[in-house]
Amino acid sequence: MVTSFSGIRFFFKEFAENLRRNPFVGLTHGLQVIISLMVLGFFIMLMVFIGAFLFSLRNMVEVYAFLQTDLPAERYVEIDKMLRDMPNVKELQYISREDALKKFSESYHISVEDILEYNPLPPTYILRPIDVTKIESLASQLEDIDGMWQVRYGRKEVTSLMKVLVGVQIVFALTMILLLSATFSSINNIIRMSVYSRRREIRIMQLVGATNWFIRWPFIIEGAFFGVIGALAAVLIIYLIGEAVYSLLATLQIFLPTLVDVKVMFGLLALGMVVAGLLIGVVSSLTASNRFLSTEMRRIEEMRNLEVV
Amino acid sequence: MIKFVDVHLAYSASTPALRGIDLHIQKQDFVFLVGSTGGGKSSLLRCVYREIVPQSGKVFVFKKDLTKMPLREIPFLRRRIGVIFQDFLLLPQKTVYGNVSYALEVRGAPMKVLRQRVPEVLEWVGLSRKLKSYPDELSGGEQQRVCIARALVNKPDILLADEPTGNLDPETSIGIVEILQRVNVRGTTLIVATHDENIVNQFRTRTVRLEHGKITSDRHEGGY
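Quick note, the sequences are listed as chains F and P, same order. The opening position of the first sequence corresponds to residue 1 in my numbering, with each subsequent residue numbered one higher. The opening position of the second sequence corresponds to residue 310 in my numbering, with each subsequent residue numbered one higher.
Take the hints with a grain of salt, since some may be wrong.
[What the hints assert, rightly or not] Derived pair list, reagent style DSS-like, types lysine-lysine, alpha-carbon separation capped at 25 Å:
1) P:K403 with F:K13
2) P:K367 with P:K336
3) F:K13 with P:K421
4) P:K441 with F:K13
5) P:K464 with P:K372
6) P:K439 with F:K13
[To be verified] Just the calculated beta-carbon pair ranges, DEER-fashion:
7) F:R21 with P:H521: 37 to 47 Å
8) P:K312 with F:A182: 45 to 55 Å
9) F:L27 with P:E382: 33 to 43 Å
10) F:A182 with P:E429: 44 to 54 Å
11) F:I237 with P:G475: 48 to 58 Å
12) P:K373 with F:Y239: 51 to 61 Å
13) P:E530 with F:A16: 22 to 32 Å
14) P:D331 with F:R291: 35 to 45 Å
15) P:P401 with F:L232: 25 to 35 Å
16) F:L27 with P:D478: 37 to 47 Å
17) F:R203 with P:S323: 26 to 36 Å
18) F:L178 with P:K367: 46 to 56 Å
Honestly, the hints are just simulated from the structure, not real lab data. For every residue, glycine included, the Cβ atom is placed at its ideal position computed from N, Cα and C.
Throw the hints in and build the complete structure from the sequences for me.
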């Protein structure tokens with residue numbers, strides 16, 4: 001690898017000259033990176049919103065624990081302590097029989113006590129689990145408590161939600177791999193075109209004694225440049241479109257629920273895209289130039305292995 | 310300086326290019342490689358700058374066995390060898406100065422060296438007034454002189470010329486070989502592959518004839 005100043009000057013000069021000489025290839029390269037990374041960026045944004053929405057649903061999952069109505073007072077205290085000490089409980093809310101009756105009457109506009117002449121509603125605990133996947137074991141733990149009358153939670157809904165969440169995660173991962181591969185491959189193709197269009201120069205470089213690293217560097221700079229510039233342009237476009245969509249929704253008096261901190265998310269997305277652009281650009285340039293340079297070595301090796309008649 | 314020992318080379322199983330070549334070229338020799346097209350002249354030169362490796366035999370350059378040379382050492386071998394081609398292999402988008410300085414730049418030579426050596430070598434080949442011209446603005450002879458300047462700018466120990474006069478008229482050809490001869494007089498080992506009878510007869514130096522991949526004659530007094 002070359003580190004001398006004149007070497008670095010040469011790399012940048014070659015890169016700039018190539019850009020000036022082949023503006024169309026440069027433009028195509030830039031647009032390709034912008035489009036690929038923009039699609040990737042939009043997809044990530046969309047998935048983050050969907051993910052946040054599903055996770056917010058997950059947080060809404062509650063377990064209702066109804067106690068028997070005829071327990072001695074000290075048992076209610078013991079049960080309260082047991083529930084508060086349970087490990088998988090994020091939030092615990094107690095609704096007394098009186099509160100339950102009051103709520104019921106308010107909701108249905110009837111007085112149950114007047115009809116039945118007693119309060120049939122049990123004392124209730126509403127529990128929010130820390131880990132929704134372990135909700136069944138939480139429910140069975142509650143059912144095992146002496147003095148528990150009934151435990152209820154949306155078993156079906158929770159199972160469906162968990163399935164959807166797992167599905168979304170798989171789709172997200174697969175689409176990410178697909179989009180990243182597509183981005184990598186499109187940048188790789190452009191660099192390969194660039195390497196191929198400069199094969200004459202590469203041959204001259206090889207003949208006058210340039211090392212392979214010296215030949216690779218201008219391509220690596222080119223890949224890194226287009227990766228970063230393309231990512232920045234894609235980030236800008238996503239920002240402008242996002243702003244426009246927000247303004248439009250505000251005009252239409254539609255307000256989205258605050259699921260994630262949009263500014264933080266956009267900042268992370270921008271950073272991630274620039275890093276991804278840089279990495280994809282560098283790696284694809286290395287792959288493309290290596291492929292070209294190794295063709296020559298392969299040819300020599302194949303010749304060397306020939307059986308001469 | 311260059312030694313071939315029983316070298317066999319083929320581009321495919323049924324088309325041998327070199328068959329049992331034994332050749333010894335001393336430092337500062339001026340050798341013409343002659344013979345009909347396909348005789349093996351270019352293949353022999355390509356073995357010297359390690360563009361190809363023979364299937365059997367040994368090729369020694371600067372006392373190093375090129376058949377065993379690791380890939381990472383090839384650039385450093387080539388820095389000591391200048392190569393000139395029939396089709397010049399110039400970069401059309403670069404000026405005469407740019408084409409010649411390119412050979413120094415790809416080695417990471419400092420600017421100071423470039424500024425000193427490029428005008429020097431261009432003056433030596435008689436192109437000091439064409440520094441800013443582009444290859445397509447030059448005649449065939451001038452383009453070949455740019456190619457020679459590029460090969461010489463690194464001060465090589467060996468200069469290889471593959472049909473350097475192939476695209477030139479007889480008068481210009483003589484001029485080109487005269488420049489090459491001056492390079493040789495300055496101490497560079499010179500091998501010129503050609504089928505130009507006139508220049509071989511005029512310069513009367515060691516002449517090796519290759520036919521169908523075999524050396525059929527090696528005359529030190531020269532002549533086609």
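Verification of the hints:
1. P:K403 with F:K13: holds (12 Å)
2. P:K367 with P:K336: holds (18 Å)
3. F:K13 with P:K421: holds (17 Å)
4. P:K441 with F:K13: The given pair, whose Cα atoms are some 18 Å apart, holds under the 25 Å limit.
5. P:K464 with P:K372: Roughly 19 Å separates the two Cα atoms, so the pair holds.
6. P:K439 with F:K13: holds (22 Å)
7. F:R21 with P:H521: 37 to 47 Å: With Cβ atoms ~44 Å apart, the hint holds.
8. P:K312 with F:A182: 45 to 55 Å: holds (54 Å)
9. F:L27 with P:E382: 33 to 43 Å: holds (40 Å)
10. F:A182 with P:E429: 44 to 54 Å: holds (52 Å)
11. F:I237 with P:G475: 48 to 58 Å: Holds: the Cβ-Cβ distance is about 55 Å, inside 48 to 58 Å.
12. P:K373 with F:Y239: 51 to 61 Å: Holds: the Cβ-Cβ distance is about 59 Å, inside 51 to 61 Å.
13. P:E530 with F:A16: 22 to 32 Å: violated (54 Å)
14. P:D331 with F:R291: 35 to 45 Å: holds (38 Å)
15. P:P401 with F:L232: 25 to 35 Å: holds (34 Å)
16. F:L27 with P:D478: 37 to 47 Å: holds (44 Å)
17. F:R203 with P:S323: 26 to 36 Å: holds (27 Å)
18. F:L178 with P:K367: 46 to 56 Å: holds (53 Å)
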